[in-house]
Amino acid sequence: DTEVTQTPKHLVMGMTNKKSLKCEQHMGHRAMYWYKQKAKKPPELMFVYSYEKLSINESVPSRFSPECPNSSLLNLHLHALQPEDSALYLCASSLPPGEQYFGPGTRLTVT
Amino acid sequence: GIQVEQSPPDLILQEGANSTLRCNFSDSVNNLQWFHQNPWGQLINLFYIPSGTKQNGRLSATTVATERYSLLYISSSQTTDSGVYFCAVVDPGGFKTIFGAGTRLFVKA
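Going line by line, the protein sequences match chains A and B.
The first sequence begins at 1 in the numbering used here and counts up one residue at a time.
The second sequence begins at 1 in the numbering used here and counts up one residue at a time.
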């Protein structure tokens, strides 16, 4: 099974809200990734966790807060977002190293 | 950092035609993957190909790591092949993943 699941599929939130995105995999992968994708652009790496430790933070604003509670689960906590943060948020996992598998994404709209 | 360039940016094909998509990268890489993004945003794995040649049905890919490029061949294209094709590389450090800008393919019936 090469499935990565993400919830919710769609999310609309106000600028003062707090919400979380969830990502789960059961492939035994030990690296997990968050990407942000704006319309007609490629995905951009935000964070990487390796063995539940944060390995990469691509200078992401602190209103995005990642969390990796265990090797199967990755969360992205959102607080005080701006309208320009509206995007498709993609989660991926890999062994490491190796082939990355992506979830279907969460389409986020900030109003 | 590593630069990834894909060409062409846009491609329109008649159903049944063949095409070649190219990915150039500026430095040594650990991994290279080709993805197809469907209209709903799902990234579908096509090939994991740091080097060499692989084939899967009508698709094949070749990576020449020493010359820093990869090619994706689509033969006998179908309307369902439409979408955006991305090349992504991982830097030698291990995890930093850089996507090319993509090739937007439209296959006409």
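It is worth saying that the hints were derived from the structure and are not from the lab.
As the structure is a prediction and not an experimental result, all values here were calculated from the model.
Possibly wrong hints are sitting among the right ones.
Claimed, not checked - Taking lysine to aspartate or glutamate and the EDC-like style, the derived pairs with C-alpha atoms no more than 20 angstroms apart in a straight line are:
1) A:K40 / B:E15
2) A:K40 / B:D10
3) B:K96 / A:E44
4) A:K41 / B:E5
Exercise for review: Check each numbered hint from earlier against the structure, then list the numbers of those it violates in ascending order.
Suggested key: 1
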